[in-house]
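A.B. asks: Protein chains in written order, with this note's numbering: chain G, 1 to 236; chain E, 1 to 271.
To be clear, the hints were calculated from the coordinates, so they are not data collected in a lab.
Quick caveat: nothing in here was measured; it's all calculated off a predicted structure.
There may be inaccurate statements among the hints.
[Unchecked claim] Below, a list of computed lysine-lysine pairs in the PhoX-like style, where the Cα atoms sit at most 20 Å apart:
#, chain 1, residue 1, chain 2, residue 2
1, G, Lys46, G, Lys83
2, E, Lys217, G, Lys126
3, E, Lys264, G, Lys83
4, E, Lys170, G, Lys100
In case you want the letters, here they are:
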Amino acid sequence: MKHDKPVIKVDNLRKVYGNRVVLDDVSFSIPAGHVVGIIGPNGSGKTTLANILLGFDTDFHGTVRVDESLRIAYIPQFAETDKYSLPLSVYEFIRSTANKFYGLRNDASIDTVVQTLAHVGINEQKLHQDIYSLSGGERQRVAIARALLNDPNIMVLDEPLASVDYASRQDLYRLLHHLNRTHGITLVLISHDMDSVLSISDSVLYLYNGAVREYRPSDFASEVRTPTCFKIVCRL
Amino acid sequence: MITDIFTLTFVQYAFLAGTVTAVLTGLLGPMVVSSRQSVASDMFAHIALAGVGMAAVFGFLPLVGAFAVLIFGAVLLWWVVVREKYATDALSMVFLSGGLAIALAFIHTARNQAVSFDTYLFGSILTVTSTELKMMILLAIGVITTLAVFWYPMLSVVQSPPYRVPYSSKPQLMQLLFFILVALTVLVELKTIGGLLIGALLVIPVLIARNFAATFKSLTVLSVIFGIACMHIGLLVAWFVDIPPSSVIILVLIIALAVSNFVKRVFPNIR
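Work out the full structure: start from the sequences and follow the hints.
C.D. replies: Printed below as a string of structure tokens:
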């Protein structure tokens, strides 16, 4: 379900914090139905770019066009542990956004919630468990289920694999692949960990020193990663 | 006989007002703690005192003055918070001190008026009038109805970090509604527990309930139950030991918190 029509188009984007230029003359587009990885080292401006794409930050120069008819789901990074958190069941977490106020025709019933959780591989028995008692991978799945209930066309995931252990990664890759291929959801995966998103992305936007370069994942491995590794080896 | 005291009208009013207060704080406390806005509740209490002072100077009902300033404060705080320029706790401290400074100025100006500020600083549950009680019950019905209708959407904005929807201001509107509900709860508490002690009633029942709850709903129900229990015990004790009720109520809550932590340590799997 890939189309060339862009769902997000960015032209000459420039963002400045005080004297620091975070994004400088950035242009790219994200085509419908694609899986796009936005990667770059910490402090490269990924979060700034994401905030602008999602409409959370409107203080920038340039143009960002997002198709208004589309529903965008944003899945932020889950805190790995939060010892001060109060109990919140999986059902409560999901219902907090899957309701009429946030645009559902009807509030999500228990059956719908259970079905959606099953779809992402979460057992019904977890429904009334505290969400903070789940593993990182399970929490990410629950967050995806919650987003799915609002029927999105685009899903933006911030560090989707940050707190997911290695064994659960493959399952999560399969789920993301399924959402993209079967449901036609455009995926934007933001990560500082290049390896985590490279294998499932159709294209990669690499942020470095305020600029963005677009790569095919296979080219990225040879053009960007090898020289970086080489530099590290030289320094050693 | 202990039951004899319940034949007195002002005692009946005190227990009713205490119950209304405990129900409201029990319902909203978990949301206040979850959103890390505990300082904000105290901030509302302090700006409410500015409203009481204003009412004394301009000659209208203290709770009406507090109501007007609280709603204005809730909208102003929300307007600054959603701009994400300052941390909420730092911002609350600005409002808290600012509210108290304005209150002090008004109190000084109105020093010849017949308004007792101690009533609103430390509460005066035994002097709650029938009009005030009716006002509290009406406010409580409004807050409870709004919570019942918007329970789940409100849960989304009291998490840390709060839920955000791309290209939509709905979560921010829900946050405004949350601030207004906290402001109204503070208004109910102002006369019963007092502006300087309000935070404890919102926070401590939640910390007690947290030891035994597995879901947010059970946490809220338990906060209401613990809040009412401590309120009633505090009122009864205050009657016999001649200490201000608000002081005893807070002390009972602190003792209950210590006991609940002990129980949790002995029976760690209790839920």
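A.B. asks: Against which earlier hints does the structure fall short, listed by number upward?
C.D. replies: Per hint list: single violation, 1.
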